[in-house]
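Visitor: Counting with my numbering, you get residues 1 to 259 for the letters of the sequence shown.
If you are wondering where the hints come from, they were derived from the structure by calculation, not from laboratory data. Some hints here could point you the wrong way.
[Unchecked claim] Keeping only pairs whose Cα atoms sit at most 16 angstroms apart, straight-line, the calculated EDC-like set for lysine to aspartate or glutamate is: (1) 209 <-> 229; (2) 152 <-> 222; (3) 202 <-> 85.
[To be verified] Distance windows between CB atoms, simulated: (4) 248 <-> 195: 41 to 49 angstroms; (5) 180 <-> 122: 44 to 52 angstroms; (6) 24 <-> 147: 26 to 34 angstroms; (7) 36 <-> 99: 46 to 54 angstroms.
Note that beta-carbon positions come from the ideal geometry of N, C-alpha and C, so glycine has one too.
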Amino acid sequence: MFFNTLKSEWTKLRSTASFWWTTSLVFVISVGVAAIITSAGNTVDTAGTEGAVSMGASPFVLTMPFTTVGLPILLIQAIMVVTTEYRFGLVPQNFLATPTRWPVLLAKFVLYAVIAAVISFLVVVLSYLVSQLLQSGDTANLTSPFEDETGKRLLWAIPLATVVAVLFVQGLGMLVRQTAGAVAITIIWLLGFDQFLRLIPKAGDDIAKTMPFQNMNNFLRDLPFEGTEWSSWSSLGVFALWAVVAWVAGLVLTLKRDA
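Using the sequences provided together with the hints, build the complete structure.
Guide: Right under this line is the structure:
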């Protein structure tokens with residue numbers, strides 16, 4: 001039963017043209033900007049080469065186009081997997097075909113989590129490869145993100161964080177049941193809502209430390225939990241807790257609401 005639901009969700013997704021266009025956009029922007037960064041480093045003269053190499057070949061810099069632009073696109077896709085059916089009034093038919101609702105919602109998450117993880121992994125790999133191919137002259141072969149410890153970590157850390165982020169935003173989608181609203185909340189949060197909370201007198205810093213995307217960034221950068229000695233895994237744990245709570249709350253409301 002679950003695998004039939006999963007198959008039907010994949011059929012709906014792959015038959016949507018916007019899915020392929022936006023996925024292509026993730027690759028073009030993320031890998032293309034990584035190529036531009038590397039090329040810009042190649043144009044610096046010898047006196048500035050060392051600085052250019054450390055910036056252009058840094059795994060963090062190479063993956064930044066994805067984490068700042070590509071990831072939000074994937075999260076918008078993840079939201080639309082849940083909310084588009086509400087927009088076109090297809091939810092009653094969906095739940096009529098699968099009267100037990102939770103497998104439908106679980107299938108949507110599992111399907112898109114796998115897709116997002118694969119896309120994010122491929123983007124990181126291609127960004128690294130393009131950077132290596134474009135390094136020339138004094139910048140050639142000085143660094144390799146595939147051999148760098150940070151680079152190797154990002155190969156699995158970015159897909160893992162992406163999966164948790166998909167869980168979180170799909171929970172928001174189930175709670176809001178509207179694409180525009182869920183996307184607006186997500187984008188505002190990504191653009192720095194966590195940091196804006198620091199302006200709250202006295203408790204602002206403490207509140208900001210517990211916010212989801214602040215902790216996601218700490219995990220990706222392999223930084224300790226802000227203001228503590230906890231490892232970056234603690235930040236992932238906080239982010240995952242937000243995601244689980246949001247998704248379970250969305251699931252509960254979906255089970256209780258009218259279709």
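Visitor: Would you mind marking each hint as holding or not holding in the structure?
Guide: Hints and how they fare:
Simply put, residue 209 and residue 229 have alpha-carbon atoms about 13 angstroms apart, close enough for the 16 angstroms limit, and the pair holds. For the proposed pair residue 152 and residue 222, the alpha carbon gap of about 12 angstroms is at most 16 angstroms, so the pair holds. Annotation: proposed proximity of residue 202 to residue 85 is violated, straight-line Cα distance about 43 angstroms (limit 16 angstroms). For residue 248 paired with residue 195, a C-beta distance near 27 angstroms fails the hint of 41 to 49 angstroms.
In this structure the hint that residue 180 and residue 122 lie 44 to 52 angstroms apart at CB is violated, the actual value being about 29 angstroms. Against the hinted window of 26 to 34 angstroms, the Cβ-Cβ separation of residue 24 and residue 147 comes to about 30 angstroms, which satisfies the hint. At roughly 51 angstroms, the beta carbons of residue 36 and residue 99 sit within the given window of 46 to 54 angstroms.
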